[in-house]
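S.K.: Since chain A is already given, all that's left is putting chain B on it; use the hints.
Number of protein chains: 2
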Amino acid sequence: MKLNKTYRNLVSELQRIDCLKTAFELLEWDEQVNLPPGSGERRARELAALSEIIHRESTQERFADWLEELEAGSNGDSIECQAVLREARRNYDRAVKLSPEFVSRQATLNSHAYHAWADARKKGDYALFAPFLQKQLEMAKEEAAMVGYSEESAYDYHIDKHDPGLTAAFVDDIFSSLKTELLPLIRQIVDSPVKPDTSIFKGFPREGQEKLLKQISEKIGFDYTRGRIDTSVHPFCSGNGADTRMTTRYDINNPLNSLFSSIHESGHGLYEQGLPQEHLGTALGEAVGMAGHESQSRLWENQVGRSRGFWDYWEPVLRETFPDQLANISSGELFMAINAVNLIPIRVDSDEVTYNLHIILRFELEKKLFSGELAVKDLPEAWNDASQEIIGLRPRNVSEGCLQDTHWSGGAFGYFPSYCLGNMIAAQVWYAVKEVFPDIEEDFAKGEFGRLLNWLRENFHSKGRQYNTLELTRKVTGRELSPDGLIRYLKERYLPLYS
Amino acid sequence: MKLNKTYRNLVSELQRIDCLKTAFELLEWDEQVNLPPGSGERRARELAALSEIIHRESTQERFADWLEELEAGSNGDSIECQAVLREARRNYDRAVKLSPEFVSRQATLNSHAYHAWADARKKGDYALFAPFLQKQLEMAKEEAAMVGYSEESAYDYHIDKHDPGLTAAFVDDIFSSLKTELLPLIRQIVDSPVKPDTSIFKGFPREGQEKLLKQISEKIGFDYTRGRIDTSVHPFCSGNGADTRMTTRYDINNPLNSLFSSIHESGHGLYEQGLPQEHLGTALGEAVGMAGHESQSRLWENQVGRSRGFWDYWEPVLRETFPDQLANISSGELFMAINAVNLIPIRVDSDEVTYNLHIILRFELEKKLFSGELAVKDLPEAWNDASQEIIGLRPRNVSEGCLQDTHWSGGAFGYFPSYCLGNMIAAQVWYAVKEVFPDIEEDFAKGEFGRLLNWLRENFHSKGRQYNTLELTRKVTGRELSPDGLIRYLKERYLPLYS
Numbered sequence: 100m101k102l103n104k105t106y107r108n109l110v111s112e113l114q115r116i117d118c119l120k121t122a123f124e125l126l127e128w129d130e131q132v133n134l135p136p137g138s139g140e141r142r143a144r145e146l147a148a149l150s151e152i153i154h155r156e157s158t159q160e161r162f163a164d165w166l167e168e169l170e171a172g173s174n175g176d177s178i179e180c181q182a183v184l185r186e187a188r189r190n191y192d193r194a195v196k197l198s199p200e201f202v203s204r205q206a207t208l209n210s211h212a213y214h215a216w217a218d219a220r221k222k223g224d225y226a227l228f229a230p231f232l233q234k235q236l237e238m239a240k241e242e243a244a245m246v247g248y249s250e251e252s253a254y255d256y257h258i259d260k261h262d263p264g265l266t267a268a269f270v271d272d273i274f275s276s277l278k279t280e281l282l283p284l285i286r287q288i289v290d291s292p293v294k295p296d297t298s299i300f301k302g303f304p305r306e307g308q309e310k311l312l313k314q315i316s317e318k319i320g321f322d323y324t325r326g327r328i329d330t331s332v333h334p335f336c337s338g339n340g341a342d343t344r345m346t347t348r349y350d351i352n353n354p355l356n357s358l359f360s361s362i363h364e365s366g367h368g369l370y371e372q373g374l375p376q377e378h379l380g381t382a383l384g385e386a387v388g389m390a391g392h393e394s395q396s397r398l399w400e401n402q403v404g405r406s407r408g409f410w411d412y413w414e415p416v417l418r419e420t421f422p423d424q425l426a427n428i429s430s431g432e433l434f435m436a437i438n439a440v441n442l443i444p445i446r447v448d449s450d451e452v453t454y455n456l457h458i459i460l461r462f463e464l465e466k467k468l469f470s471g472e473l474a475v476k477d478l479p480e481a482w483n484d485a486s487q488e489i490i491g492l493r494p495r496n497v498s499e500g501c502l503q504d505t506h507w508s509g510g511a512f513g514y515f516p517s518y519c520l521g522n523m524i525a526a527q528v529w530y531a532v533k534e535v536f537p538d539i540e541e542d543f544a545k546g547e548f549g550r551l552l553n554w555l556r557e558n559f560h561s562k563g564r565q566y567n568t569l570e571l572t573r574k575v576t577g578r579e580l581s582p583d584g585l586i587r588y589l590k591e592r593y594l595p596l597y598s
Numbered sequence: 100m101k102l103n104k105t106y107r108n109l110v111s112e113l114q115r116i117d118c119l120k121t122a123f124e125l126l127e128w129d130e131q132v133n134l135p136p137g138s139g140e141r142r143a144r145e146l147a148a149l150s151e152i153i154h155r156e157s158t159q160e161r162f163a164d165w166l167e168e169l170e171a172g173s174n175g176d177s178i179e180c181q182a183v184l185r186e187a188r189r190n191y192d193r194a195v196k197l198s199p200e201f202v203s204r205q206a207t208l209n210s211h212a213y214h215a216w217a218d219a220r221k222k223g224d225y226a227l228f229a230p231f232l233q234k235q236l237e238m239a240k241e242e243a244a245m246v247g248y249s250e251e252s253a254y255d256y257h258i259d260k261h262d263p264g265l266t267a268a269f270v271d272d273i274f275s276s277l278k279t280e281l282l283p284l285i286r287q288i289v290d291s292p293v294k295p296d297t298s299i300f301k302g303f304p305r306e307g308q309e310k311l312l313k314q315i316s317e318k319i320g321f322d323y324t325r326g327r328i329d330t331s332v333h334p335f336c337s338g339n340g341a342d343t344r345m346t347t348r349y350d351i352n353n354p355l356n357s358l359f360s361s362i363h364e365s366g367h368g369l370y371e372q373g374l375p376q377e378h379l380g381t382a383l384g385e386a387v388g389m390a391g392h393e394s395q396s397r398l399w400e401n402q403v404g405r406s407r408g409f410w411d412y413w414e415p416v417l418r419e420t421f422p423d424q425l426a427n428i429s430s431g432e433l434f435m436a437i438n439a440v441n442l443i444p445i446r447v448d449s450d451e452v453t454y455n456l457h458i459i460l461r462f463e464l465e466k467k468l469f470s471g472e473l474a475v476k477d478l479p480e481a482w483n484d485a486s487q488e489i490i491g492l493r494p495r496n497v498s499e500g501c502l503q504d505t506h507w508s509g510g511a512f513g514y515f516p517s518y519c520l521g522n523m524i525a526a527q528v529w530y531a532v533k534e535v536f537p538d539i540e541e542d543f544a545k546g547e548f549g550r551l552l553n554w555l556r557e558n559f560h561s562k563g564r565q566y567n568t569l570e571l572t573r574k575v576t577g578r579e580l581s582p583d584g585l586i587r588y589l590k591e592r593y594l595p596l597y598s
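Residue numbers (our numbering), protein chains in the order written: chain A, 100 to 598; chain B, 100 to 598.
Keep in mind that the hints were calculated from the coordinates and are not lab data. Careful, some of the hints might be misleading.
Identical copies go unnamed one by one, so any copy, or any two together, can satisfy a pair.
Below, simulated SDA-like cross-link-like pairs (lysine to any residue); rule was C-alpha separation at most 20 Å, straight line [what the hints assert, rightly or not]: (1) Lys574 x Arg107; (2) Lys318 x Pro135; (3) Lys301 x Ser429; (4) Lys313 x Gly431.
Chain A on its own, in the form it takes in the complex (with noise of 0.2 Å):
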C-alpha cells in the first residue's frame, strides 16, 4: 500500500492511546510496588477515570471511517499493514461494544476487588472476596455477552482476550493430551528415591540476591538503560519495551525463588525489548498474546535457566556472592535444587513438571464458574477437591488454595490457561532453536546468550502481532502446537535426574 494519510492517522491515533494506556499500567505498578496502605481508594478513583478515557478515545466516530476506508483498498497492502489494519478493526469492534459506564465501573471494582483479595488472602477469610468475586464473574459474563458472544461461549471470550484465536475447546482438548503423558511422569519422578532437598538454603541476604539477580538479567540480555526491576508480592512484568517494570520478591531463606522469578519476568521483558519498539501501539509492535508471552519467560527460566550449562557458569558466581552459605552444599545438591520436583500447593512456588497440574486446576473450575456448573460460594470446596483429584493433596487452608493467586481479583478470566500453552510454546521454540544450534547450551556454559536472544529477537519477538498465536507457533517451531515438545523435554530433563 500506499501508507496513505488516513493510515498514518490511524497510527498516530493508536499509539497516542496506547501512552495513555502505558500510563495507566504505570499507575498499576505502582500499586503493586509502592502505593501506600491507604491510598487504595484514591488509586481505585484514578484508575477508574483513565480506564474510560482509554475507552472514549479507543471508540472515536472516526476510527470507524479510517478503518473502512482502509479496508476498502487494503488489497495491495502488505501483510504488517493488513495486522495493523486487523488488530485495529477487532479492538475497535470490541470496544465500541462496551459502554464507558462499563468500563469505569470495570476498573474500580478491579481495583477495591484487589484489596478485598489481598486482605481476604492474609486473613485466611474467603468470605472477604467473594462478593467480590461474585461481582466480577458476572461483569466478566456480562462483557462477553456485550461483545456479542453467546453465554455458552461467554468462557471462550476471555481466552480469546488473552490470546486471540483460542477456544476453551482446543485448551480443553490440548490440555487432555498433556495430562495423559504427564500424569505417569511425574508418577515417576515423585516415586524416585530420589529426593532433592530445597531447605538447604539458610540466610542469603537480600542485598546478595539483589545482586546477582541483577547480573543475571542484564547478562542474559535485558537492558536496564529502558527497565528496572522492584519488590512486590507477587512477581510480574508490565508496561513495554520503552520501560519495562519487573518485580520480584525476596526470601532469605530461599534465593532460588528470587532468581529464578527474576529471570522468568527477565523472560518477558526481552519480549518487550525485542518487539519493534517504532511500532509500538500498533499490531506490529505488540506482544502476540499472553500464551507466547509466557513462553518467553518460560524459557529463559526453565529451558536456559535450569540447564546444566547455565550453571557452569553462574554457579562459581553464585559461590563468589555467598561463599559461606554455600560451604557445604555440594554441585550436585545445588543442580538438584535447582531441578527440585515436589507436589505442593502454590503454583508459583512449583516447578516445572508439576506446575501445568496447577494450571488445568484452575482452568477447569474456570470453565465450571462460567457455565454455572460452579457458584462462587462453593469455590473453597470445590477448589480443595479438584487439587485432590489433579494434583493430588489437598490445601489446608483458603490463602493456599482458591485465595493463591491475583489474577481473578484483577478481574482476569481465562489467563491461567496461557501458562501452561506458554510451557508448550517454549519447549517447542527450544527444539526448534536446537535444531538450528546444536550446541547452544555450551554458550550458556560460556556466559553467553546473545545467539539464542538474537535467533528469538528475529523469529518471535520482531514478528510482534502479525500472527496469532497458533500462527506464529507454526512459523517459528515448523509444527502445529502440541504438547509433545514440552513432555519431551520433560523426560529429557528429569529422568535422568530421577533415575
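M.R.: Frame of chain A; chain B shown alone:
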C-alpha cells in the same frame, strides 16, 4: 444555596478531572524517582498525551453552561460554594484560551527540557540547556498572551498562576522592604566571630538517617498510611492528601540535609493531608497557593525544626541512632551546626537567613527575562553578576550558578517568589500561634506537636482555597502580609546565637 444537580455535576466532573491530574502527577513523580535513563522520551509522550486529555476534559462546553447557570443564582450561596464557583470559573476561563495543541506541546517540551537540564547541569554545559529554556520562555510568554495578559504583564500572569492575586509589582515592593532589613542582619551574622562548623559530620549511614527522618516526620503528624518518602536528586512533595509522595536525598557526611529536607517536605505533606479530603479537586480541598504551601513547609522546617525545644527532644534520639558518629560532637556544636548561617552559592543548601537572597536573585532575573532586558544566552553571566551583587559571591560554574535549580526546566516561571513569600507567611503565622499558645515551644521539648498541628489544621489547612494568599494570611494572622514577622523571627533566633 441549593446544592442542586448542576452544582453536583460540576463538582463531580472537577473531582474526576482531579483524578486524571494526580495520575499525571504520579507519572512526574515516577520520572524523578524511578524512571530508567533511556525511558525519558516515552514518558514525555505519555505526559503529553495525558496533559492534552486533562486540558480537553477541563474545557468541556457544558462547564460554560453549568457555570453560567450557577453564577446567575449564586447570590445566596455560602462562601464555600462561591469559592468553588470562583475557582472553577477562573480555571475554565484560562483553560479554554489555551489550545490542546499548545498544552501538549508544552508538556512535551517540559519533559525534554528536564532531561536536557539534568544533563547540562551534570556536564556543566549551559549550551545543552539554553535552546530549551529559550523555547520555554517563549511558550510562557505565549501562554500569558493567550490567557489575555499584555506583553508587559506576562510575568504577572505566571506569579498569579502560583499565587492568585499577586503581581510582580507587589513582590517587588515587599522584596525591597525585606532586602533593606535583611542585608545588615546578614552582615551582622556573617561578621560575627561565632563560626559554626558544619563539617563535623562524617559517616552517617543512610539507614540511620532514613529511620530517624521517618520517626520525626511521623511524630510531627505525617500519616504514612497515605503517603511515603523516596529518594530523588531534588527533594519534593507531590500528590495530595490521599496519597502524598515526599522525596529526600542522603549524604553520609551531611545528615542534616536529609533530616531538614524531610521535615520541610513533611510540612508540605501535613498541609495536603490537612486539606478537607472530601473536597479534593475543588477550591475547598486545594492549597491556597504556592506561597501558602511553602509557609507550611518552612514553619515545620525552621520555626519548629531548628528550635531549642525541638532539639531538646530529638538530640537524644539522634545520639542513640548515631552514638559513635556524634561521640565527639557537643550539644552546643550540634545546635550551632543546625543553625549555621553561611553565604554559599546553592539555594537548596543555604540557611533560612540567606535563603531569601537567593530568591530575590531569581526574581530579579525572571523579571528581566520576561521584559526582554536579559537574553537567555546571557543568563549565566547575568546570574553570576547578580549573585555577586546580591549574595556577595560568584558561582564557580554554571552547575552552581544558573543551572542549579530544576524549576525553569519544568517551565515553572514565577514560582521562585513563593519561596520567600512563604518564609514571610511562616514567620507571621508563627507569631500568631505564639500569641495563642505562648508556651508552644515547651510542647516540642516533650515531643508533642499535636497542639500546633491542630491549630494549623483548624485555622489554615481546613480553609483550602476559599481565600487567596493575602486574604488567608490576614485571616490567620490578623495582619497584612509583610516582611516584619520574618525579620523579627530571624533576629530573635539568630542574633543571640551569633553575638
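S.K.: All hints are to be evaluated individually against the structure, with a verdict given for each.
M.R.: Each hint tested on the structure:
| no. | hint | in the structure |
| --- | --- | --- |
| 1 | Lys574 x Arg107 | neither (29 Å within a copy, 57 Å between copies) |
| 2 | Lys318 x Pro135 | between (34 Å within a copy, 18 Å between copies) |
| 3 | Lys301 x Ser429 | within (14 Å within a copy, 44 Å between copies) |
| 4 | Lys313 x Gly431 | neither (25 Å within a copy, 46 Å between copies) |
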